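Protein chains in written order, with the numbering used here: chain L, 16 to 275; chain D, 686 to 1277; chain U, 1492 to 1724.
The hints are simulated quantities; they were obtained by calculation from the structure and are not laboratory data.
The structure presented is a predicted model; accordingly, all values stated were derived computationally and were not measured.
Here a beta-carbon is modelled for each residue, glycine too, at the ideal position from N, C-alpha and C.
Hints are supplied without guarantee of correctness; some may be wrong.
Stated by the list, open to error - Short derived list, chain L residues pointing at chain U, Cβ under 7 Å:
1) Y235
2) S237
3) Y239
4) D240
5) L241
6) R251
7) Q258
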Amino acid sequence: MTDLSRRTIIKGTSAIGAAILPATLTEKIARADSAHNQGAGSPANAPSGGAGVSHEAPSTTYLFFNTEEAAFVEAALARLIPKDDQWAGALEAGAPNYMDKQLAGAWGAGERLYRSGPWQPGTPTQGYQLPFTPAELFRGAIGAINKELAQRPFAKMSPDEQDNYLKSLEAGGKDLGGVPSDVFFAHLWQCTLEGFFSDPVYGGNRDMVSWRMIGFPGAYASYYDLVDQHGIKIDRPPMSLAQDAHGRIHMNPGIPARSP
Amino acid sequence: MAQRLKPVDVVTIGVGLTGSLAALELAKAGLKVVGLERGAPRYTVPDFQSPAIHDELRFSIRKAMMQDNTKVAVTFRNSSDETALPIRRWGSFLPGQGLGGSFVHWNGQSYRAQVVDFIYQTHILQRYGKKFLEACGPELTIQDWGVTYEELEPYFDRFEYLLGVSGKAGNIKGQIQRGGNPFEAPRSREYPNPPMKEPYFAALFRKSAERLGYHPFPQPSSNLSRPYKNPEGLDLQACVYCGFCERYACEHFAKASPQTVILPALLNRPNYELRTNCEVLRINLDSTRKKATGVTYVDAAGTEYEQPAELVLITAFALSNVRTLLLSGIGEPYDPWTGKGVVGRNYSYQTTGGPTVFMDESININPFMASGATGTVIDDFGGDNFDHSNLGFIGGQYIAGTMTGGRPIEFHPTPPGTPEWGLEWKRAVAQHYNHTITIVQHGTSTASRLNYLDLDPTYKDAWGQPLLRMTFDFPENDIRMSQYIADKVVEIGRAMGGKVVVRGGAKRPYTTTVYQATHNTGGAVMGDDPKTSVVNRYQQCWDVSNVFSIGGSSFPQNITYNYTMTIGALTYWTLDAIKDKYLKSPGPLVQT
Amino acid sequence: MICRHLLVALVTCTVAAGLGSVSAALAQTPSGAHVPDPARGAVIAAQGTRAGAPGCAQCHAFNGASDGSGAFPRIAGQSAYYLEKQLHDFSSNARVNAIMSPIAKALTPDDIADLAAYYAALDPPFLPLPDPTPALIKSGEPLAKVGNAAKGIQACDNCHGPGGTGEPPAIPYLAGQYASYTALELQMWQRGFRKSSPHQMDDVAKLLNEQEIAAVAAYYQQVRGSAGAAASR
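The shape of chain L in the complex, shown without the other chains (with noise of 0.2 Å):
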């Protein structure tokens, strides 16, 4: 039996079926309207706005940072990428979230890093040359600036005065616990960057907020067919890895061992 209710015609004749509805109907229309997965990337009808499901910061439970070295890196990161009235920035992303849980985790404990010595600075071709793990690194900086910092911390100083202390370390010929401030800088950048547009899967990128504000699709990813329609705008929104068919990530991909 079809199932033509007089919800699903007013439904379908849109604008004027609208109007003479009573308004409760109709605002459950649109909400269920705005819901479904169709050409809704701009920012007015994504499922969960386009600045990311609200302007404020998510709560995180730290694993790696204390209180102090949480503090410091939530105003940190609130600068090196700001909200706007458009879109949310790193703090809002969970740009910390995701950079506590990479040092809490094997990248952290120095994965991949080549950790013998003898250790010497290096020309700066030969890249980075500390014996620190990103964890010791994260660490030991964030230690010695919270210590420098004792009487007035970062995250009382105003906006600009936290720019300027940024860009002091940017410039590097700080010692931070033996890290050189303009190595802990970049490191604070790239997992900046990382954080705000990995996957959300990662605990940052919120509601995958980056990638709507750029129109990058995400994970999910098969042009064939729109490969060769040039300057065509893709405004779906984006998927992320670990989403499932009602739009929610979980991390369930369901990839077995061994082909079945």
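Let chain L serve as the given structure and place chains D and U on it in line with the hints.
Frame of chain L; chains D and U shown alone:
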């Protein structure tokens, strides 16, 4: 004490492109072949499936398909008067790891070499003279290969048909073909598959290149344009332009790799045995030091084995090929101070670095819709395709309107003058992401007596063996070359309607911190003269005739183009020599 | 059936009464490019066009869920781009179907755009399904999610999106599509009768055998792809 195993006919050190191809040919000839692969087994299904494979953080940034630096790294310095330090995290080049090697995560760019590439020294001297070459750089050590393009043409053809390369011929038996590369070396027939679809960035490049009088052609691609059954009976599918090509494996059976074009025909042969997670420590030689008896390797559990073999093929990627020779004491190591010795000599790389073109915001580029080899190219400035008489350098680059994806951690361009971070940076990223084109400059790396490979005196790998030490900087010649071409490319960028064109061009010093190409060449070069080469024209070691070193290590200098097709052709060429000549009469194939 | 025809008639009257005056006013943008009009699409779905195209709702239902028999595919919520392309393909014979081909040929491009926009925006509940064997569904799931190594088949989800919800705009959803329709289309590609998506679906379909086609179709039929529908997975 190593456990001695039963002898086999052939051992390959590494099961990537060269190792799997060599094994297939020799297994077909009835030999008992063992492939020793450092990395783990992996297959299209289930290991390369979406969406897990489309994980930029894991594969592009954390480099999941690359060698683990905690186990094996390379040390590096720009010149001999510096101390080489470990490349603690890969940057400029990314040696692959895992069954199939780098041939799994490559981009599929599939050019042949030029006729003159194989007789480079003879040709340059003939065309420009000795004084000209000296003036380009007294340290340059370009050489001939000992084999000609004409000898290799059938093998290029065979390799292209194995892979199913998608392209448009430009020169069939001397007849220039419309729509192809008029500069290309003559080929006997068309590509096995037609060119890929042309994305917007490539079309914009093509139109401007044409207007400027150049000769654009579709980039030859081993990401297939249509379904194809290769001569081994293996089926490949059409590429879907997913934009996750380099550093990633293909989910669709659409990119040529050992998994798609070789292994299914190899692994079911009873006379082939694949052993993964096995690290070969060295080749063992008998007391004469002129014959290999087999190899010593360590398996995943740390147990050491000796695998005796009649024939040892070093098929471990250019850098590991050279390292294996050095660790095994095969051939005289190169000494840069005296100029004597050959193993490690003539290491070269690739000269790259093109412009970024910022277009008007009304133009949607959609860079995420791309394969690894979807573009339009001009070869007008490749190699010696143009007259260098008054230019003061040798060599050249191809120029390509090619983008291989729009993955955002790696790609978020902003025009010059944009702050490096902050609100303005973020707005510029949003403004320019989908309206920016990068053009590729990709070309020759001239061999120099200053650039070489040897064993590091200080740093070791996880098995306690010395790391390979790389001493390299771009010769001044190559810098001049790429700067000259950079000016030409800027013109093309402006003709494309670029509002801002950020000039490319290579600079010294060469840095390992920025990705350029995983096209490492030389160190065990091929040639006619044992005083300047490690292997003969069949890639057979002069010093130990039952060892062949097969791969990019054989190149006396690097050519304009991505080198995979040339390596494949040389592999087939070598395997034919082994089957037709060596097996019938083992011993040196070339008398000195 | 009688009930349905009455409902259709009721719908037709209601809609026509409400929209008669609107269709004339439907905008062409100043540049002349047609802006898809779902309201006009609803009218065509209900009553067809003067050129003789019958109303889509007669087979696909007004809400696009069709009638549950599987004879007609579910088109509700399908990507508008994809729906348009199929109608154009029916019109050009890239797809040939005794029912759809003449219908599509009778529609103008504007009709097609409006219809696609109308059906694309719908999200009706899923109808109760006939019961394929759980074993069949279970055997289809790995093919959908992972593929088959021995046969060189990649996962359907690679292109058809997470859980088969589609990769708009060009790649349709499979989740919730009637198994008999999905199976039929795979057979059409396999036998060379469907010529759309060349080098894509035809190649994949040829790798599948009858059992695999039935399994993957049965699996996708019971995957719920819409955020608004009752979740069974």
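How the hints compare with the structure:
no.: 1; hint: Y235; in the structure: holds (5 Å)
no.: 2; hint: S237; in the structure: holds (4 Å)
no.: 3; hint: Y239; in the structure: holds (6 Å)
no.: 4; hint: D240; in the structure: holds (4 Å)
no.: 5; hint: L241; in the structure: holds (5 Å)
no.: 6; hint: R251; in the structure: holds (4 Å)
no.: 7; hint: Q258; in the structure: holds (4 Å)
In this structure, none of the earlier numbered hints is contradicted; all agree with it.
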